[in-house]
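*Asks:* Now for the letters of each chain:
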Amino acid sequence: MDENVRDLLAGVPAPPPTRSAADLAQVARRRIRRRNIERYALAGVMVAAVAVATPVAVANTRGTAPNGTPPAASPRAAAPITQCRLQKVALPPGLAEKGVQRVEPVGVDPSGRYVIARTWRDYSSPAAILWTDGRPEIVPVQGENVQPAAVNAGGLVMGIVYANGAWRSWVYRDGKVTQLPPPPGHPVDNMGLAVNAAGDVFGQADTPDVGTPDLVVWRAGNHYRPQILTPDEAAKVRAEFNNEGASAWLLTDEAGRVNTGKGTVAQLQTPPGVDWIQQTAVSGYWATGYGGLRAQREAQPGGTAARKLPYKVIRWDLRTGQGAVLGDHPVYDITGPARSPASPTRTSTPKATPSVPFSSTPPAANP
Amino acid sequence: MTLPTTAGLTANAVAMNNTATVVVGYLYKGPTVRPAIWTCR
Numbered sequence: 001m002d003e004n005v006r007d008l009l010a011g012v013p014a015p016p017p018t019r020s021a022a023d024l025a026q027v028a029r030r031r032i033r034r035r036n037i038e039r040y041a042l043a044g045v046m047v048a049a050v051a052v053a054t055p056v057a058v059a060n061t062r063g064t065a066p067n068g069t070p071p072a073a074s075p076r077a078a079a080p081i082t083q084c085r086l087q088k089v090a091l092p093p094g095l096a097e098k099g100v101q102r103v104e105p106v107g108v109d110p111s112g113r114y115v116i117a118r119t120w121r122d123y124s125s126p127a128a129i130l131w132t133d134g135r136p137e138i139v140p141v142q143g144e145n146v147q148p149a150a151v152n153a154g155g156l157v158m159g160i161v162y163a164n165g166a167w168r169s170w171v172y173r174d175g176k177v178t179q180l181p182p183p184p185g186h187p188v189d190n191m192g193l194a195v196n197a198a199g200d201v202f203g204q205a206d207t208p209d210v211g212t213p214d215l216v217v218w219r220a221g222n223h224y225r226p227q228i229l230t231p232d233e234a235a236k237v238r239a240e241f242n243n244e245g246a247s248a249w250l251l252t253d254e255a256g257r258v259n260t261g262k263g264t265v266a267q268l269q270t271p272p273g274v275d276w277i278q279q280t281a282v283s284g285y286w287a288t289g290y291g292g293l294r295a296q297r298e299a300q301p302g303g304t305a306a307r308k309l310p311y312k313v314i315r316w317d318l319r320t321g322q323g324a325v326l327g328d329h330p331v332y333d334i335t336g337p338a339r340s341p342a343s344p345t346r347t348s349t350p351k352a353t354p355s356v357p358f359s360s361t362p363p364a365a366n367p
Numbered sequence: 368m369t370l371p372t373t374a375g376l377t378a379n380a381v382a383m384n385n386t387a388t389v390v391v392g393y394l395y396k397g398p399t400v401r402p403a404i405w406t407c408r
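Chains as they are written, first to last, in this note's numbering: chain S, 1 to 367; chain V, 368 to 408.
If you are wondering where the hints come from, they were derived from the structure by calculation, not from laboratory data. Just so you know, even glycine gets a beta-carbon here, dropped at the ideal spot from N, CA and C.
Cross-link-like lysine-lysine pairs, in silico, BS3-like; alpha carbons within 30 Å at most:
1) 88/S x 396/V
2) 98/S x 176/S
3) 88/S x 98/S
4) 396/V x 98/S
5) 88/S x 176/S
To spell it out: a stretch of chain S is covered by chain V in this simulated footprint if at least three of its residues, at any positions, have a beta carbon under 8 Å from a beta carbon of chain V; those stretches are:
6) 86-93
7) 97-103
8) 111-120
Take these sequences, add in the hints, and give me the full structure.
*Replies:* If you want it as structure tokens, here you go:
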């Protein structure tokens, strides 16, 4: 998501998504043995929580900060959105005959030209659809459970598939599917999470013991040769590409730090009203996420059912580290009581990524 | 602003592009889920 999206959504009260977090994670749970999947599902819910309303309300706040003032990081002035029109969406031929009842878009590229969707008949045979300027096509990935994850402005689609007994990541562009090779020492599952403008893919890969997955980058310019991030570079919570650069990415960890991928680490601040924070998305100068109070979290009963906690939706300015609470929002919590986001996993800055003052090396300016 | 929907269906948006001129999501009722694309200006 671009920072403009967050600008638009600043202060928008978003009702809970109609799909529960458990629903979002159900398919993944069936075959993916990752212990971390709940976090990503939760992150997805949070992104949806920020971006989604039912019916969807889009505030005319683009270009304004939560306090109503223009954010310094969004120099682009744009006319407010005042009207939205529902388009007629064509489906690929034969889809209905295959018994597909659900066609569910999951993403759009930054330009709006490319839209991706997954289909659902049951949980064993979904496919991926790409619309290019409204023209639909089935992404011809071989295997089961084909699911798109992201698309960039060049029309490169990235997703996952269950093939030959393992989850694999793939990219698709101009009619050609390329399966991303598993990193050495990670023969089990891997899952692409994000794609940037250059077509680099950011994801995670499991080791044979299916422990905590490692983060991996497949660079398009290097024939998608996988690069495992070192432990000091990697964080287990959330990883996304920064849209503004071909090679930059951002990692967040449970201690509220953001690794810019450019050799710096930024420490995000805990805003008033919460005592733990977690980031779920990053783009440009901005990070978004949520936070809450430990006491409220610890007061929740245990059990496996999805639980609601009164989270605060937060946006951070990566240049200053300051976080602003955008509003209250209940969200499903499926991370489990033992994995409080408030518990930092590290207390020191990694040696490989020295911490720097925000003002000295801010991220590159947006175009 | 509320995104328009088709009578009888509930809308759920999931993503939008950088300029918020394209919003994607779905319309649903029961087990049927249809893709939805809104263009905004």
